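Heads up: the protein sequence lines correspond to chains W and S, in order.
Heads up: the first sequence begins at 0 in numbering that gives the first Met the number 0, then just goes up one per residue.
Heads up: the second sequence begins at 0 in numbering that gives the first Met the number 0, then just goes up one per residue.
Because the hints were derived from the structure by calculation, they are not lab data.
Here the structure is a predicted model, which means the values were calculated and not measured.
Certain hints may be false.
Same chains, same names: a pair is fine if it fits in one copy or spans any two.
In silico PhoX-like cross-links for lysine-lysine, where the CA-CA straight-line distance does not exceed 25 angstroms [as the list claims (entries may be wrong)]: (1) Lys65 x Lys118; (2) Lys145 x Lys26; (3) Lys175 x Lys134; (4) Lys118 x Lys50; (5) Lys96 x Lys168; (6) Lys20 x Lys134; (7) Lys145 x Lys65; (8) Lys98 x Lys163.
There are 2 protein chains.
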Amino acid sequence: MIRMNKKGRLFVVSAPSGAGKTTLCEKLVRTDTDIMRSVSMTTRLIRPGEKNGRDYFFISAEEFKKKIKNDEFLEYAKVFGNYYGTPREYVEESLNKNKDVLLAIDVQGAMKIRKKMRKRCTLVFILAPDIQELKRRLLKRQTESKTQIMMRLEVARHELSYLKYYDYKIINDNIKTAFKKLQAIVVAARCEIN
Amino acid sequence: MIRMNKKGRLFVVSAPSGAGKTTLCEKLVRTDTDIMRSVSMTTRLIRPGEKNGRDYFFISAEEFKKKIKNDEFLEYAKVFGNYYGTPREYVEESLNKNKDVLLAIDVQGAMKIRKKMRKRCTLVFILAPDIQELKRRLLKRQTESKTQIMMRLEVARHELSYLKYYDYKIINDNIKTAFKKLQAIVVAARCEIN
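Chain W on its own, in the form it takes in the complex (with noise of 0.2 angstroms):
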């Protein structure tokens, strides 16, 4: 459950590794003041170039599961061996002050937190171009092994698989368009009637 009063807007993007994801949600919250990126807690290595609370909360496994004992998480997953989770309190007290909040989540996340919010809650998958265009960008990257890139491909194919239960999709083949249609996809959403 999401313990609030039904002021702000949950917006929920996905995408594969290498899909812009990053990019676009920044540029979000860099333009529009009345959205909040919600910072995801990981267990996972940070990579070069990442922040510690910029790009995720970087803790230990131990501290990850107290975290879910205490039910400080609105979602979390296992992907690649690694946790991922959604601080609770952060979204909802945005959310109660009538902001709306940005989570850039995996399928998994995305799902749960549809099951707990119908209303007022917008799914955004964001694609590559293709597949190959996809790998390009990830041994581009050069933030990860062959092995890993591989494995992630393989992810993204799964992944593939849940975009009927998003309710857009912005294929990012130019960074320009595809940001413009997610600010569309926010503004339009403010405007919905339910």
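Fit chain S to the known structure of chain W by using the hints.
Chain S only, in chain W's frame:
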């Protein structure tokens, strides 16, 4: 039934007279080449400033009834004692050519369209900031008698009860902001998964 291969999308815009529907719709089709405005047919008298073929096709009641018989309307309704109808052919041809179609029609018409087309159909309701402002705008327009205006206000109140069947509402307190919202709704709808 709408005879189409489900290519384009239908956008239905309703609003009480004076809410700014015409201005917003004209601006939309002028700036977005992928959406075509369907011009309705009516048996009501042409108002000063209106143009046959642009605002409406003005036809006689006799002609209108003949077209009803020939199933030439996607929907039609009698409002204020006058007939209003959406010509079927233009809409179907545009949709099949992968063009979106904008219908500026009243709530009765909108409900009929929704029934015929649950998907790929977006219903938008435009509102004046409040009923007093609406009255002010109608009086300013000076195209109708006071009795007619009072009747339109009464209808506006009634039409508001249909708001819940629409997908989006736009409160037109500022034409620029209202237009941005309408644009966003169109862009977002094109990203919908269905």
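Each hint tested on the structure:
In the homo-oligomer, the alpha carbons of Lys65 and Lys118 never lie at most 25 angstroms apart, since the shortest distance is 30 angstroms inside one protomer and 45 angstroms across protomers. Proximity of Lys145 to Lys26 under the C-alpha cut-off of 25 angstroms is found in neither arrangement, the shortest distances being 29 angstroms within a copy and 51 angstroms between copies. For the identical chains of this complex, Lys175 and Lys134 are intra-copy neighbours only, at 21 angstroms inside a copy versus 42 angstroms across copies, given an alpha-carbon limit of 25 angstroms. When the C-alpha separation of Lys118 and Lys50 is checked against a cutoff of 25 angstroms, the pair qualifies neither within a copy, at 33 angstroms, nor between copies, at 43 angstroms.
In this homomeric assembly, Lys96 and Lys168 come within 25 angstroms of each other (Cα to Cα) only across copies, at 23 angstroms, whereas the closest approach inside a single copy is 28 angstroms. In this assembly of identical chains, the alpha carbons of Lys20 and Lys134 lie at most 25 angstroms apart only when taken from the same copy (15 angstroms versus 47 angstroms across copies). For the homomeric pair Lys145 and Lys65, neither the shortest alpha-carbon distance inside one copy (33 angstroms) nor that between copies (70 angstroms) is at most 25 angstroms. Proximity of Lys98 to Lys163 under the C-alpha cut-off of 25 angstroms is restricted to the inter-copy arrangement: shortest distance 24 angstroms between copies versus 27 angstroms within a copy.
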